[in-house]
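To convert, count from 1 in the sequence shown and add 139; that's my numbering.
Derived by calculation from the structure, the hints in this document are not laboratory data. Mixed in with the good hints there might be a few duds.
Claimed, not checked - Cut-off 20 Å, straight-line C-alpha distance, at most; resulting in silico cross-link-like pairs (SDA-like, lysine to any residue):
| no. | residue 1 | residue 2 |
| --- | --- | --- |
| 1 | Lys308 | Lys511 |
| 2 | Lys302 | Leu162 |
| 3 | Lys408 | Val524 |
| 4 | Lys283 | Pro229 |
| 5 | Lys511 | Val524 |
| 6 | Lys157 | Ser193 |
| 7 | Lys431 | Ala531 |
Claimed, not checked - If you anchor each label on the Cβ, the simulated ranges turn out as follows:
| no. | residue 1 | residue 2 | range |
| --- | --- | --- | --- |
| 8 | Thr398 | Thr259 | 42 to 52 Å |
| 9 | Asp383 | Leu153 | 16 to 26 Å |
| 10 | Leu153 | Ile370 | 32 to 42 Å |
| 11 | Asp455 | Glu298 | 37 to 47 Å |
| 12 | Val359 | Ala150 | 47 to 57 Å |
| 13 | Pro241 | Leu309 | 42 to 52 Å |
| 14 | Arg399 | Asp169 | 49 to 59 Å |
What you are looking at is a predicted structure, and each value in this text was computed from that prediction instead of being measured. Each residue gets a CB set at the ideal place from its N, CA and C atoms; glycine is no exception.
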Amino acid sequence: MIVAPIPENEAERLNELKNLQILDSPEEQDYDDVVKLASAICNTPMSLVSLIDSQRQWFKARIGIDDPETNRDVAFCAHAILNDELMVVPNAIEDERFFDNPYVINNPNVRFYAGMPLVTRSGFKIGTLCVLDSQPRELTEDQKFALKTLGKQVINMLELRLKNQRLSKLNSLQNKFLAIISHDVRNPLVSVKSMIDMMDSEMITADDFKELSGKLGEHVSHTVDLLNNLIDWGISQTKGDKLDLGMVKVSEIIDSEYTRINPVATEKKLELINKVGKEDAVVVLADANMLKFIIRNLITNAVKFTAQGSVSISLDDTAHGWVLSVKDTGVGMSEERQKKLFNWENRFTTNGTNNEAGSGLGLLMCKEFAEKHLGGIDIHSTEGVGTTFKVAVNTRFMLV
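Starting from the given sequences, assemble the full structure and let the hints guide the process.
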């Protein structure tokens with residue numbers, strides 16, 4: 140047996156396969172129909188839509204084969220993707236590449252193989268549409284034409300599938316955006332307009348004017364914060380799952396955010412505790428802007444919902460990455476509220492201990508940004524005791 144050599148463009152080819160978001164996806168009838176049709180046209184008991192991953196060949200659809208995947212080293216299709224045209228093996232026993240292949244000498248005793256490379260519009264061969272038989276044989280010209288045509292159809296289906304996924308995501312994004320604009324942006328602006336109208340009234344007193352001015356400033360500040368969050372979120376959506384990874388000094392971000400929030404914390408007489416510490420020189424691999432956003436929002440929320448006591452932040456190394464914890468001694472929340480906290484459809488708003496406004500958007504974005512780092516966010520909260528948010532990020536962690 141001869142193991143197929145690795146294509147020269149293997150890294151780019153694998154990236155193309157990954158971008159199609161097809162590997163390990165559930166069975167789909169359209170692909171099952173293609174292998175059934177290929178098998179019927181070529182009069183073979185076995186047919187596959189086979190995708191060649193780095194260490195395996197994975198079957199998007201199969202007929203006559205029980206295994207959902209095999210090792211790449213024994214894959215006929217790993218040889219087929221090295222060709223530009225249909226690869227035909229009339230009798231595997233007589234081919235030095237396959238005569239002692241485990242799938243030849245053992246069940247299903249493959250003798251005949253014909254594989255049409257699946258070539259994307261970018262020119263990458265990601266796998267094959269193939270037919271197999273336990274008897275030596277040839278294909279007619281019509282059967283070869285049909286197999287080539289069906290192979291092109293599989294590529295069209297893969298690309299259409301990806302476009303539909305992206306359209307679905309854009310539709311969901313649009314619905315989220317409209318919900319935020321209609322509720323979280325419009326409502327504060329309506330309140331601002333009402334206050335301005337009241338301030339223009341000849342009946343208003345100097346004390347009332349001063350009070351309204353303060354409230355007006357709070358509403359405008361809240362709306363600006365919300366719009367900043369919305370812009371950050373919009374930018375993250377344009378990037379998709381891509382991250383601008385770099386080495387980030389966590390203590391510098393925390394110091395900066397503590398400096399920013401300190402006037403509010405001082406007014407509330409809260410203690411801000413940084414357990415990361417400059418002396419640890421903690422550096423993590425992360426998207427700096429997303430990490431800043433997460434830390435800023437968690438600290439802001441902790442201060443907002445804490446009337447007395449402290450807010451602390453720590454960073455711990457684990458076997459799966461690092462975990463950032465923000466703990467407060469604030470109002471806490473019920474289990475019911477915790478369940479709704481990261482739900483776009485049932486998003487709710489709660490004012491802080493000094494009646495600070497909130498939208499709920501920041502925490503949803505924190506969760507989304509953590510998940511982009513292959514991590515997540517957990518909450519542990521008790522009413523009247525406090526809340527701890529833990530953000531897990533599955534990237535390298537080190538001390539320098």
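Cross-check of the supplied hints:
Note on Lys308 and Lys511: the hinted pairing holds, with a Cα-Cα distance of about 15 Å set against a maximum of 20 Å. Of the pairs offered as hints, the one joining Lys302 and Leu162 holds, with about 16 Å between alpha carbons and a cut-off of 20 Å not exceeded. Pair hint Lys408 plus Val524 holds up; C-alpha atoms about 17 Å apart against a cutoff of 20 Å. The straight-line distance between the Cα atoms of Lys283 and Pro229 is roughly 13 Å, inside the 20 Å bound, and the hint therefore holds.
Simply put, Lys511 and Val524 have alpha-carbon atoms about 31 Å apart, too far for the 20 Å limit, and the pair is violated. With a CA separation close to 11 Å, the supplied pair Lys157 and Ser193 stays within the 20 Å bound. Restraint check for Lys431 and Ala531: satisfied, since their Cα atoms lie roughly 15 Å apart, inside the 20 Å limit. One distance hint, 42 to 52 Å for the beta-carbon pair Thr398 and Thr259, holds here, with the actual separation near 50 Å.
Range check, Asp383 to Leu153: Cβ separation about 22 Å, and the 16 to 26 Å hint holds. Between Leu153 and Ile370 the C-beta distance comes to about 34 Å, which sits within the given range of 32 to 42 Å. Distance hint check: the CB atoms of Asp455 and Glu298 are about 43 Å apart, consistent with the given range 37 to 47 Å. Remark: the range hint 47 to 57 Å for Val359 to Ala150 is upheld by a beta-carbon distance near 50 Å.
In this structure the supplied range 42 to 52 Å holds for Pro241 paired with Leu309, their Cβ-Cβ distance being about 45 Å. Checked against the hint of 49 to 59 Å, the C-beta distance between Arg399 and Asp169 comes to roughly 53 Å, which is consistent with it.
Violated hint: 5 only; the structure is consistent with all others.
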